[in-house]
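Asker: Here is what each chain is made of, one letter per residue.
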Amino acid sequence: MRYTSPRSATPHGRGRRRDFLLLMAGAATWTTSSYAQIRSLPVIGYLCAESPELFASRLKAFHEGLGEAGFVEGRNVTIDYQWANGQYARLPGLAAELASRNVDVVVAPGGAPVALAAKAAGTAKTIVFEMGGDPVQLGVVDSLSRPGGNITGVSSLSVDVSPKRLELMHEFLPTGSKIAVVANPTSPTANSQLKKLRSAAETLGIHLQILNASKEDEFESVFASMIGEPAGGLVFTSDPYFAFRSRRLADLAMKFRVPAITQTRDFPLAGGLMSYGGDFMQSHRRAGVYAGRILLGEKPSDLPVQLVTKLELVINLKAAKFLGYEFSPSVVSGADEVIE
Amino acid sequence: MIAQYRFRGLFQKYLLALFMAVAIPLAINGVIEAWFGYRDQRARLDQLLGVQATSAAAEIHDFIYGITNQLGWLVQLPWTDEPDERRRTDALRLLRQAPAIVSLTLIDNKGLERLHVSRIGLNRIESRTDRSNDPALAGARATQVWFSDISYNRGSEPYLTVAIAGNRLAVGAVIAEVNLKLIWDVISAIKVGKTGIAFVLDRPGRLIAHPDLSLVLRGAEEATSKPFRAVRDAIGPSAGFATIRDAHGHGVAASAAPVQGPDWTVVAEQPLAEAYAPIYAALWRTAMLLAISTIFAGFLAYALAHRMTEPIRLLEEGTERIGAGSFDHRISIQTGDEFERLANSFNRMAAELGLAQQHQERIARLKRFLAPQVADLVERAGDESVLDGRRTNVVVVFCDLRGFTAFSAGVAPEEVMSVLSEYYEILGRVIAQFEATLISFSGDGLMVLVNAPVPVQEPALRAVDLAIEMQKRVQALIADWRSRGYHVGFGVGLASGPATVGRIGYEDRLDYTAIGSVVNLAARLCASAADREILLDAELAAGVDGKRPLEDLGGRRIKGFDEAIPVFGISFIPHQRC
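So the protein lines, in turn, are chains V and A.
Heads up: the first sequence begins at 1 in the working numbering, then just goes up one per residue.
Heads up: the second sequence begins at 341 in the working numbering, then just goes up one per residue.
Just so you know, these hints were derived from the structure itself, not from any lab.
Keep in mind that a hint or two might mislead.
Within a straight-line C-alpha distance of at most 25 Å, the following computed DMTMM-like cross-link-like pairs (lysine to aspartate or glutamate) qualify [stated by the list, open to error]:
(1) A/K531 <-> V/E298
(2) V/K310 <-> A/D552
(3) V/K196 <-> A/E517
(4) V/K299 <-> A/E425
(5) A/K566 <-> V/E68
(6) A/K450 <-> A/D424
(7) V/K60 <-> V/E97
(8) V/K321 <-> A/E466
(9) A/K531 <-> V/E68
(10) V/K125 <-> A/D552
(11) A/K899 <-> A/D871
(12) A/K450 <-> A/E466
(13) V/K196 <-> A/E466
(14) A/K534 <-> V/E64
(15) V/K60 <-> A/D552
(16) A/K534 <-> V/E298
(17) V/K310 <-> A/E399
(18) A/K531 <-> V/E64
Same shape as in the complex, but just chain A (with noise of 0.2 Å):
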C-alpha cells in the first residue's frame, strides 16, 4: 500500500516533468508565433486597407476628373460678341453625357454669362450678366480648377459647384453644378474585402458619398455625419488603419485616402469581425496545434513516466519479494540502460544473499554437533565430505551425572530443568574450547567425539585434557548443586581406537556419529566410573602417559567384555570457587 502510495508519487513527479518540458516549450512558441503572425496580419491588413482606400480616392479622382475634362471641352476657343449656337449645342450634349451635371453656366472672357443650361430650370441664352465678382469664376481664374464647398440641394442631395477657366482669358470659363449623389454608382462598386465599404467625406467631414444613399441624402444633418467623422478623425493624419465603432457600434478597421483637388477625404472601413479573420484564424489554428500538441505532450509524457517508473516499480516488488526471502526471485528488466544494470545487480545480489543464506544453514547444522571453530573449518573447506562415513582412529568421551535419576524424581521439573541447563551450557562451553564434535545428548549424559570429523594434534591429550576440565567445571557446579541440598555426582569415560564415522539419519535430521567397540568401552567405562572420576582405556593411557599424571587402577570387568579391560584414571585439582 505504502509502496504503492510512493509509486504514483514517482509517476506523477515524472508525468509533470515531462510533460512541462515538452508543453511550456510548445506553448512559448506558440505564444511567440501567435504574436509575431498578429503582427503581420495587422501589416498586412494595413497595406491592404491602404491600398483599399487609395484606390477608391483614385475612383472618386477619376470621377471627378471625367467630370471636369469633358467641362474642359467648353473652354477650348475664344468668345466673340455673337451668339454661339455651337456653344449650346455641346453644352447640350455635355448635360447629355455627363448625368451628374444638373447645370452649366459658360462665362465669357469679359466675365459675361453667355449661357447657361440646366436640367430642371429654364435655360439662359446671352443674358450677359455680369458674373465676374462669382467667387467661382475668381476661384477658376486664379486655379484654373475650382471646387466650391458642398452645399445639399433642399437639404438633401450634396452638390459641388466646379468652375474651370481655360489656358488664356479669351476663351472664358465654364462654371457647373454637380449632383453628388451621382459618386453612389462608383462608391457601391467599391468593395473592401468582402464586406468593409468606402466613403467619402468633405473638408468639414460631411458626408458625401456612401454605399447607403439614405444616408447621404442626409449628409447635411450633424447626427448623420458625425460618426463618419468620428471614423475620419480616428485615422488621423498618422498612417496606418485605426480600429473605432462605427455609426451602428460595430468595430471597423478604416484607412483614409485624400482626394486631390475638392480636398475630400475616403475612407475604406472593412468590419473587424472579417478585417481580423485571417488573425482569428491564425490565433485559432495556433491554439488548435498548441492543444493537439499539448495532448501528444501528454501522452508522451504519461508513456515516458510509465516506461521510467515501471522498472522502479519492478525493482521495488523484487527487492520486497527478495527481503521477504525469495532469493530465487529474479528481477526482469530489459531496458538496457542503469535500470537493467541495477536490476542485474539486484539479481546478483539475491543470488548471493541466497548463497550466503545456504551457508549460514549448513553452518548452523554443523554446529549443532562440531564445535563453531570446526564447523567454520568444515565450512570453509568448502565441502562436507570431511562428514562421509570412513573409519579412523578416535577418541570417544562420556560423561553423566550419578544419582541424577533419583534427584529428578525428587524436584519440580523446572528444578531439573534449570540444573541440566546449567550443565549442557559448562559443558557446550568446555566442548567448543576443546574442538570436540558432540555426537549426542541423553538425559544427563552426553558423547563427544575428538580427532573427528576433523583430525586433530594429539588427539589422545586433548580428549584427557577435555575430560579434566569437564570434571573441573562441573565438579565446580556441583560444590554449588549441594549447597543447594542437590546430592548428584559427575563421571567420565574415555576410550581411543578405530570407530565408523560419519553422518546417520534422514533428510532434515541428521546427525554425525562413530560406530565400533571404541564406542561401548567409552560408555562401560562412564558408566562405571563413580563421582570425579576420569576413567580411560590402556590404549588412550598410552597416549597421553607421561604427560598426565595417570592412575592405573588394574583390571576391571567391564560389561560387555569378556575380560577384565585395564584401567587408568586421572587425578584432577578442581577449581577452587571463588
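One chain only, chain V, in its complex shape (with noise of 0.2 Å):
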C-alpha cells in the first residue's frame, strides 16, 4: 500500500523552497567570507630582509607582543609576508609592494636596513621597526621621545655596544693579540660603529684591522685571513647580514680556531666563542606590542622610540677551551648566559 502524505502532494514547492534556502544560505556566506577577506580583519605588513626558517625565533617573539597587545594571526589580524630572503637588494621593491597593498601596518624588523627601505617606500601606514642602530642617527626618527612622522619602533642597542665587543674581545686575548672588526660596507650603520670602535681601540691601546664582508661567500676569506695570526681575534660589527649567519660564522670561526664575537647569542649557541647584544626576543616582543597598539588605533607619534634594556653576554666556554683559551672569572661571572 503507498502512502501519500500531504506534503508529497506539492514535490515542486518543496524543491523550491529547499533551492531558496540554498540560495540564501550560499549568499550569506559568500558575503561573509568575502566581507571577512576584504575588510574584517586588519592587515599587518611584515617586511623581512631574511627568510622565515632564520627569522623562525625574531617571528615567535614578535607573535608574542603581538598577543600581548591581543591580536593573534588568523584569528583577528592577518599578516602579509614579504621575505627578501636575505637578498637585501630587494627589500626598496618589497616595501614598495606592501606599500601599494592595502595594509593597516608596516613592520620592518631585523635591521635598519628594513626600516629605511620601509620609510623610503613612501607608505601612508604607520611603520613599526625593530633594528640594532640608533634610529635618530640614522635619520629614521626625529628624536626617541617624539619620532614624528608615521614610524616608531624598537632599537636593541646591539650598534651602540660594539665598542664593548672590542672590549670583551681584548679582555679574552691575551695582550699585544691581532684584532679585526669585520664590518658591512653596505650596512648603513658600518661607519658609524667603525667610528666608535676606532675611538674605543685608541682607549683600550688596541691597533685595530678592519675587514670587511657584504656577502656570505666573503666569510671564509675573513676567517682564512687570520690565519698565521696566532692570537688573533675577530669582532664583529652589528649587522643583520652578520646576526642572521650566525650558525656560518661559528662553523667558520671553529674551522679556522679563530676567537670571534658577535652581537647575538644564536653565535655561541651554534658553537661559536661569544656574543654581546640587544635582546633581540625583547626587542621584536615590543615590535609586536607596538604593532597591535598601532591596529588598536594609537598614532604612532604617541609611542617613543623603545630601547631595549637587556644587553646579553653569552659565552661559549666549551668554543674557549677548544680555542686554547680560557674566560676570566669576572666575564664568566658577569656572564648572562654560559654554554659549557
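Relying on the hints, combine the two individually framed chains into one complex.
Answerer: Below, the structure written as C-alpha cells:
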C-alpha cells in the first residue's frame, strides 16, 4: 500500500523552497567570507630581509608581543609577509609592494636597512621598526621620545655596544694580539660603528684592522685572513646580515680556530665563542606590542622609540677550551648565559 | 452623578493621604540611608585607595632598596692601593643580577675612581680619576645613601643616580646609574581595583613610572607629566583621596603615598566609574527599593482608601434609597468598626422611619372618618380593634341641605362645588370639635356617628350639641348664601339606639359604618326635618331631657315605620353674623 502524505502532494513547492534556502545560505556564506577577507580583519605588512627559517625565533617573539596587545594571527589579524630571503637589495621593491597593498601597519624588523627601505617606500601607513642601530642617528626618527611622522619602533642597542665587544675580545685575548673588526660596508650603520670602534681601540690601546664582508661567500676569506695570526680575534660589528648567519660564522670560526664575538646569542649557541648585544627576543616582542597598539588606534607619534634594556653576554666555555683559551672569572660571573 | 463625583473626591483624598503617609517616611528613610551609605562607601574608598597607594609606594621602595642593598655589598671591604680583581667580578655579577643598573663606579677612600663598569660604554679599571668633587660622592658621604634628581637619557629613559657610602671611609663608595624604565615591571603589576593603576612622580612632578611605558619615555616633556602632576597636586598633603580628571579627561579617584629616600610620590588612581561602582550600586539598590516600596504603598493606599470609601459609598447609596422611600432597604456593612455602627444606626433609622410611615398612613386612614383627636386616640391605643365590628348604642346624626338639588341645577358647577366646599368645611370643623365619627358623604348630606367606635360620655348630649352647633353654623352660612340669592335650607335628624358598627369595604377602601334601624330612623328624621329643624327620636330626647330645651312634636309618620313615631325638636338660637 502506498501512503500519500499531504506534503508529497506538492513536491515542486518543497524543492523550490529548498533551492531558495540553499541560495540564501550560499549568499550569506559568500557575503561573510568575502567581507572577512576584504575588510573585517586588519592586515599587518611584514617586511623582512631574511627567510622564514632564519627568522623563526624573531617571528615567534613578534607574535608573542602581538598577542600581548590582543591580536592573534588568523583570528583577528592577518599578516602579509614579504621575505627578501637575504637579498637586501630586494627590500625597496618589497617595501613598495607593501605600500601599494592596503595594509594597516608595516612592520620592518631585523635591522636598519629594512626600516630605511620601508620608510623610503613612502607609505602613508604607520611603520614599526625593529633594529639594532640608533634610529635618530640614522635619520629614521626625529627623537626617541617624539619619533615624528608615521614611524616608531624598538632599538636593541646592539650597534651602540660594538665597542663593548671589542673590549670583551681584548680582555679575552692575551695582550699584544691582533684584533680585526669585520664590517658590512653595505650596512647603513657601518661607518658610525667603525668610528666608535676606532675610538674605543684608541682607549684600549689596540691597533685595529678592518675587514669587510657583505656576502656570505666573503666570510671564509675573512676567517682565512686570520690564519697565521697566532692570537688573533675577530669582532663582528652589529649587522643583521651577520646576525642571521651565526651558524655559518660559528662553523667557520671553529674551522679556522679563530676566537670571534658577534652581536647575537645564536653565535655561541651554534658553537661560536661569545656574543654581546641586545636581547632580540625583547625587541621583537616589543615591536609586536607596538604593532598591536597601532592597530588599536594609537598614533605612532604617541609611541616613543623604545630601547631594549637587556644586553646579554653569552659565552661558550667549550669553544674557549677548543680554541685553547680561558675566560677570566669576572667575565664568567658577569655572563648572562654560559654554555659548557 | 454628584454623589459619584463626591465619592471619587473622597477616594482621591484618602488615596493621597495614605500614599503620602507611607511614601514620605520611606523616601526620607531612603534618602538618609543613601546619604550614610554614600559616606560609608567614600570612607571605604578612601581607605582602600590609601592602602593601595601605600602598598604601591612600598613596592617602589622595595625596588629602590633592592638595588641599594645589592650596591651595599660593594662597599664592605677597605681599599688598598693594589688593583682588586675581586671587586670587578662582584661588580660584573651585580650588573647581571640587577638589570636596572646601567653602570657602576667604585670610588676608594681617597675619592679616586677605581672601577667603572658599564653595559654600553667601555669599562675603566683603575683610572684613579679624582671624583671627590662629585656631588654624588659628597651626598653619599653625608647621608650614606644618596639619590640624584631624575635625568632623562637622550631625553627619553628616566635615569637615577644612586650613591652609597660604606659605614666607614676606608671602604669607599659606589655610584650607580639606574634605568628607572625597569620599574615598569613593578608598576605594571600593581592593580588598583580592577582597572586602576599606580604611577610615580619625582619631587618636581615628572613621570617616572607608569604602566604605559610610552608615557614614561616622554616623562621629560611638560605636556606628558602635567596631567599627572595635576592629579598629585589635587590630592595635596591632606589625607584622603581626590577626584579629578586624568590625562584622557576621565574622572579618577586618586590617593597618594610618599616613597621615602628618593622623595617620590606614588599615586594610586582608580576610574571613578569603578571606584564609585559600589556607591552607585547602593544608590541604585536604594532607588529600586524606594520604587518598589512606593508601588507597594500605592497599592496599599488604594486598597485602604477603597476599604474606607466603600462603606461610605454603601452608606450613601443606602441613605439615598431610604430617602427615596425604600424603608425596607438595609445597608450591609461588616467592617466591625464605626462604619458598621453607622450602618446599623441607618438601618434602625430606616426601620423607625418605616414604622412612622405606617403610623402616618394609619392615622391618615383613620382621620378619614374619625375626628383627628379620636384618630390619634385610636392610633395611640396601638391597635385597631376598636374598629372591629360590634353591637353598641350609638347616636346617628344625619343632615342635609333643603332645596339643594334644585339649586344645583340652576347654577354653574363651580358655584355648586364652592357652596359645597364651604358647607363641608364648616361641618367638618364641627364634627372634629365634637369628636364625632364621620361615616359618609352623599351629595349635600352626611352621616355622623357618636359613641362609636370610641365611646364618649353622655353621647346623647354630645350628639344634640353637635346638631345644634351644625345648625347654628350652617344657618349662618345659609344667611350668607341667601344674600347671594341661593335658596337652600338645612335640616338635621338624630336617633339613638343599638347598631352594629365596624369596618366595611375592601383592602384599600375601608369605611366605618353603622348598620341598624337607628340609622334608618335618623335618616328618616333628617328627611322629614325642615329647614332650621333638629329632629330627635324619643330615646335620644329622653337622654337630654331637662338638659336641653326639648319640644315634643308629637307622633309623626315616618317612611319605613309602620306606626307614627314620637318626634322631638330642639330649638336653637342661630349665631348672629357679625
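Asker: Kindly indicate which numbered hints from before are broken by the structure, ordering the numbers from low to high.
Answerer: 4, 5 and 8
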